[in-house]
Structures are given as structure tokens and as C-alpha cells.
Amino acid sequence: MKEKKPKKIKKELTIEQKIKRRNFISFTVFGAFAASAFGGWKWLYNSPEEVTGITGGARAPLRRALNKTELFFRRLAFNESHLVKTYPRSMAAKVIRHNTDIGSEGKLPPEKWKLQVKKRSGEVLQISLDEIMALPKTEITYDFKCVEGWDQIQHWAGVKFIDFIEHFKLHDEAKLDYVGMETPDKQYYVGIDMPSALHPQTLLAYQMNDVLLNGNHGQPLRLIIPVKYGIKNLKRIGTITFSNTRPRDYWAEQGYDYYSGL
Amino acid sequence: MLIYWANDEYSITLFGHTFVRFFPDWYYNLLHIPARLAEGMAFHFLFMWFFTLNGILYILYTIISGEWRQLLPQKKSFKEAWLVLLHDLHIRKTAPPQNKYNAAQRIAYTAIIVMGIGSVITGLAIYKPVQFYYLTWICGGYHLARIFHFALTIGYVLFFVIHIVQVILAGWGNFRSVISGFEVINEQPKPVIENTNEGEEAEKD
Numbered sequence: 001m002k003e004k005k006p007k008k009i010k011k012e013l014t015i016e017q018k019i020k021r022r023n024f025i026s027f028t029v030f031g032a033f034a035a036s037a038f039g040g041w042k043w044l045y046n047s048p049e050e051v052t053g054i055t056g057g058a059r060a061p062l063r064r065a066l067n068k069t070e071l072f073f074r075r076l077a078f079n080e081s082h083l084v085k086t087y088p089r090s091m092a093a094k095v096i097r098h099n100t101d102i103g104s105e106g107k108l109p110p111e112k113w114k115l116q117v118k119k120r121s122g123e124v125l126q127i128s129l130d131e132i133m134a135l136p137k138t139e140i141t142y143d144f145k146c147v148e149g150w151d152q153i154q155h156w157a158g159v160k161f162i163d164f165i166e167h168f169k170l171h172d173e174a175k176l177d178y179v180g181m182e183t184p185d186k187q188y189y190v191g192i193d194m195p196s197a198l199h200p201q202t203l204l205a206y207q208m209n210d211v212l213l214n215g216n217h218g219q220p221l222r223l224i225i226p227v228k229y230g231i232k233n234l235k236r237i238g239t240i241t242f243s244n245t246r247p248r249d250y251w252a253e254q255g256y257d258y259y260s261g262l
Numbered sequence: 001m002l003i004y005w006a007n008d009e010y011s012i013t014l015f016g017h018t019f020v021r022f023f024p025d026w027y028y029n030l031l032h033i034p035a036r037l038a039e040g041m042a043f044h045f046l047f048m049w050f051f052t053l054n055g056i057l058y059i060l061y062t063i064i065s066g067e068w069r070q071l072l073p074q075k076k077s078f079k080e081a082w083l084v085l086l087h088d089l090h091i092r093k094t095a096p097p098q099n100k101y102n103a104a105q106r107i108a109y110t111a112i113i114v115m116g117i118g119s120v121i122t123g124l125a126i127y128k129p130v131q132f133y134y135l136t137w138i139c140g141g142y143h144l145a146r147i148f149h150f151a152l153t154i155g156y157v158l159f160f161v162i163h164i165v166q167v168i169l170a171g172w173g174n175f176r177s178v179i180s181g182f183e184v185i186n187e188q189p190k191p192v193i194e195n196t197n198e199g200e201e202a203e204k205d
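If you read the sequences in order, they're chains A and B. Residue numbers for the first sequence, in my numbering: 1 to 262. Residue numbers for the second sequence, in my numbering: 1 to 205.
By construction, these hints were calculated from the structure, which means they are not laboratory data. Each hint should be verified, as a subset may be incorrect.
Calculated lysine-lysine pairs in the DSS-like style (CA-CA distance at most 27 Å, straight line) [claimed, not checked]:
#1 A/LYS85 <-> A/LYS118
#2 A/LYS20 <-> B/LYS100
#3 A/LYS18 <-> B/LYS75
#4 A/LYS85 <-> A/LYS107
#5 A/LYS118 <-> A/LYS68
#6 A/LYS85 <-> A/LYS18
Derived coverage of chain B by chain A (criterion: at least 3 residues anywhere in the stretch with Cβ under 8 Å from a Cβ of chain A; other residues may be distant) [what the hints assert, rightly or not]:
#7 93-102
#8 157-170
#9 176-182
Where a beta carbon is used, it is the ideal one built from N, C-alpha and C, also for glycine.
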């Protein structure tokens, strides 16, 4: 209707008509934008939850966005030579913050524990803490970052994961895309992409502030992976597996990003 | 904002006394949003794209169209903004003469752009502190960058509240001109005259 008017009427529009016309067009466009923004939000807010598989708990479009965003930044910036900032030993917290012990409640003395590493051949290595402690020890003081918003400078010591791979001749396994780690009771589990696992600051840690790990912090061996948020730093490693598909991950099933890298 | 709702990590504490904890319980109850961090992060990492791209397009537009001349504070703006504030609070009767935007608007609208850039930088600094370590360094470290990012978010909320209140106070005519891009001024006797400064192009000679 509005479009045709100028054709029919030969004479100049009056100023009042012009004002009306422009107001009408402007507000129609504005209304259309506002309506589509509102509609888009409604659609997103009410969009169905993803089918729970390796990841779960997020709205399907948001999960796609999380994955795409993460990939974008990984391709843009991930570089193994980028190291996590380290601090002087004296800055490390004396009392290390404790958040949860899902899968690592209570104590598990080292003599009652063996690390199980599942090789591609099907062979399962049973490794004691003494064997791990015999490997070259690496220490790190860095800012541990929690996805919930806190961070703390902490001091850890253990064996570099890459040294562990070397020593136990897991080179074939290290060519796969992912490492999976689970607590002995299978209550807590994480999946780590191989480049992050092989990062030179990734440790299988057995000491915190020079003391062997206690019950609260993943006795006897835990993962310290500074290029990831705390949720990926599994306490009390029971088994280690390798695969080309994403291993299951406790928090990714509950709506968090699978990669959770820094 | 949902991001800050899992753990009350931030507070304003002076000399050991906590004045405000972000966020107080009544706030969670009011909005029915207890501990939905994962959901908040998922929204955040989608909407950050819209905000960032929108910001970039807006800055490009103001540069290309020359509108930035109307928006950047001038030397006198800082002094005048105070007078505008007094006027808006009904303490002073007259406001200083202005062009399209008054001095306070110039400062506010430029500040919000600086804040936006700050949010993108601090955001990247805490999103990938290892890969973008140089940004984290610029922001004074991870912990500080996180606090800046949070403070900026609170800043937007304050900006938004003041902005909306001002739009309501300015009335319908002002709002209409914001949407349509021209202003209608009723001159003394009767005739309705369309402002000659109509549209964006007309203003630049």
C-alpha cells in the first residue's frame, strides 16, 4: 500500500505526509528488528536440549556454538610452545583450596593402588606409584584456574605426562587424538585432547607443597593440566585410555564445554 | 551475567568489612537463577560474538559516516558535562548549548565504546590466558583481568539503567527521532517543519 502511493499521487507530498511516511517506515523496520530479536531469543531459550552422548545438558544450538567457538580459537591460537605463566615458589598458597572429591573421597594409600594404562594392543599396564616416582620429577608453581571464578597459585610436583609416555613406550597411543582418565570407582572421568595432554606442563602429580597427596587432593596420583580449567584436573587417576573418539567427560555431560582449555 | 552466579567470588571488601557480595541471595531468588553456570557460559560464548561484531560494525560506521565527530568528547565537554548533570538533576535551570549530543552524552557514548573494547580484551585475556598471554599481561595478570571484566559488566548495567531512565524522561518525541533519524520541531505559530538536519548525510556538509 505505502509503496504504491507515490506513484498514484502526482503532486508533492506535504511535509506532514512526508513525516508520517518516514515515521511509518522507520517504526516498521524497528518493530521488525525488535520482533525478530525477541523471536530469536524465544527460539533459543526454548530450543531442545542436546541428545546426551559425550556431551549433554546444554541447548542444542548453544552446544554447537560452544564447539564451533572453541575450535575457532584453538585453530587461531593454540600453540604447544605457549607456556602457562609460572610463579616463584614462595608465592604458592600454603593451604590449597579444595572444591570437590567426586570419585576420590576418603583415603587411598599408594600401596593399595596401581595405575592401569590400557594400551592399543589390549595389554593393560599396572604401574605403582614407586615406578612413577622413579621417573624425572618436574615441579610447577602456577595459577590454578577454576571455571567457577576463583584462581590460586599452587605448587605441584610429579612426572610430566610426556615423560611418562616416553618411559612406558606409549608412542603409538600418543598418536591418537584423545586421552581418557577415570577415577578407580569410575565416578569422575575426563577426556583430554592429545596436544593438551602432551603439553610440556601437563603433570601426573603426586606431591603438593612437597608432601605426598592426601585424601582431599587426589591421593595418590592426580592430573595437573595447567592449560585446562580445574574441572579437567582429575583427582585420583585409576585408569588411562587412548582413543580417536572423545572419551566421556563428567562435566561435559552436564552442559560444560568439552575442551575447557585456556 | 549468569557466569557469576555459580560462586560468589566477587565482593567489595574494605578494611576487612564486606559491603557487597556479588551477588546477594535476594538477587538470585528474585531472578530464579541459582547456580546455572554451565548454561550461563553457553549463552555467553554465543552472545559474545553478537556484541563484538556489533561493536566492530558500529565503530566502522561512525568512522565511515563521520558521525564520530558528534560523539567524541571535545575539550569543553568535560566541563560542560558537569553542567548537563546539574541541569538533568534539576539543580541548574539552563543546560549548555549542544549539537546532536550534549557533553555528557559525548562522554558516555565514547566511554561505552572504550568499555566495550576493554571487555573484549579482558575477555580474551581470561578466556585463553595461555594462548593470549600477552593480553593477560596487559591487563595486569589473570586475576586482575577477571575483576576488570566483571567490573565492566556491572558498568554496563549502570549505563543501561541510566540510559533507559533518560530516554523515558526525554519523552516520546526524542525516542521517535532516535528510531527514524530525524527530528520534528514545532515552530511558534502552526506549521510543522522538518528539521533541515535530517538524516545522517544532511548533517555533514
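### Task
Of all the hints given earlier, name the ones this structure violates by number, lowest first.
Of the numbered hints given earlier, those the structure breaks are 1, 3, 4, 5, 6, 7 and 8, listed in rising order.
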